[in-house]
Amino acid sequence: MEVSGEGASPRELVVEACRRDQPYLIEEIQEKSYKDKPDEFADFINGVTDSMGNHALHICATYGSYDTMDCLLDIYHFEVDPTNRIDGDTPLHLAVQYGNEKDIKLAMSMLEMMLEAGCDPRVRNKKGQKPADCVMPQHGQMRTALMKVEYMMQEGQGVEGQGQDDDDDGSSDGPSDDEDDGQRKKH
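For the sequence shown, counting from 1, position 56 maps to 56 in UniProt numbering; every step adds exactly one.
Just to be clear, a hint being listed does not mean it is correct.
Derived lysine-lysine pairs resembling DSS-like cross-links, with alpha carbons at most 27 Å apart [as the list claims (entries may be wrong)]: (1) Lys105 x Lys148; (2) Lys148 x Lys130; (3) Lys102 x Lys127; (4) Lys37 x Lys102.
What follows is a set of in silico ranges between Cβ atoms, one per label pair, in the way DEER data are often shown [claimed, not checked]: (5) Lys37 x Gln138: 13 to 23 Å; (6) Gln138 x Pro38: 40 to 50 Å; (7) Met136 x Arg19: 17 to 27 Å; (8) Met136 x Glu40: 38 to 48 Å; (9) Glu31 x Gln138: 22 to 32 Å; (10) Gln141 x Ser33: 16 to 26 Å; (11) His77 x His139: 29 to 39 Å; (12) Gln154 x Glu12: 35 to 45 Å; (13) Glu101 x Lys148: 17 to 27 Å; (14) Glu155 x Ala8: 41 to 51 Å; (15) Tyr151 x Gly88: 16 to 26 Å; (16) Asp87 x Glu12: 15 to 25 Å; (17) Ser9 x Lys35: 14 to 24 Å.
Hints listed in this document are in silico derivations from the structure and should not be mistaken for laboratory results. Note that beta-carbon positions come from the ideal geometry of N, C-alpha and C, so glycine has one too.
Using the sequences and the accompanying hints, generate a full structural model.
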């Protein structure tokens, strides 16, 4: 697949990369079209959706595309908590669904990576469910991981390093909660 020419559009390539776990396609788009333009690249990636209203991170979570997810989460100003059009699910909701239906180990790896990147397990979908509410009973470790981070966020502790800032000076080494446009973005 080529980024330019008569082949697939850059948006189609991003969707394909997320479905088939091919991070090199995203890197190719960045190199050819957005070199030295990180903000424009983030805006482009954040605006990519499939026909169902799923953003790039949703698609990765749906298909278990770990490597592409990792690539996306490395993008400066990447939106980590978009909600999809149909159910209002975040990528965490869809990673839970992936674990419930397909591969719990891969789902746990995706969840851990997303939580460390700043995805918020407190966001509810249109049914009023947080990701932890969607976990099947036999996958208690998934629910525990989500609830632990949810608790840490409520207590103002950082997620990276699992809340190692215990010196009570009010500072945090964790991700920022910048919400300048109503969306959480990775910094």
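Evaluation of the provided hints:
Simply put, Lys105 and Lys148 have alpha-carbon atoms about 18 Å apart, close enough for the 27 Å limit, and the pair holds. Distance hint between Lys148 and Lys130 is fulfilled; the C-alpha atoms sit about 13 Å from each other, no more than 27 Å. Note on Lys102 and Lys127: the hinted pairing holds, with a Cα-Cα distance of about 22 Å set against a maximum of 27 Å. At most 27 Å may separate the alpha-carbon atoms for a hinted pair to count; Lys37 and Lys102 exceed this at roughly 37 Å.
One distance hint, 13 to 23 Å for the beta-carbon pair Lys37 and Gln138, is violated here, with the actual separation near 46 Å. Hint check: Gln138 to Pro38, Cβ distance near 42 Å, so the stated range 40 to 50 Å holds. Here the CB-CB span from Met136 to Arg19 is close to 24 Å, well matched to the stated 17 to 27 Å. Take Met136 and Glu40: their Cβ atoms lie about 41 Å apart, and the range 38 to 48 Å holds.
With their beta carbons about 43 Å apart, Glu31 and Gln138 fall outside the hinted range of 22 to 32 Å. Roughly 40 Å separates the CB atoms of Gln141 and Ser33, a value that falls outside the hinted 16 to 26 Å. With their beta carbons about 32 Å apart, His77 and His139 fall inside the hinted range of 29 to 39 Å. Take Gln154 and Glu12: their Cβ atoms lie about 40 Å apart, and the range 35 to 45 Å holds.
Glu101 and Lys148 have their C-beta atoms about 23 Å apart, which keeps the hinted 17 to 27 Å range intact. Roughly 45 Å separates the CB atoms of Glu155 and Ala8, a value that falls within the hinted 41 to 51 Å. Checked against the hint of 16 to 26 Å, the C-beta distance between Tyr151 and Gly88 comes to roughly 23 Å, which is consistent with it. Take Asp87 and Glu12: their Cβ atoms lie about 24 Å apart, and the range 15 to 25 Å holds.
Range check, Ser9 to Lys35: about 18 Å between beta-carbon atoms, so the 14 to 24 Å window is met.
Checked against the numbered hints given earlier, the structure breaks hints 4, 5, 9 and 10 and satisfies all the rest.
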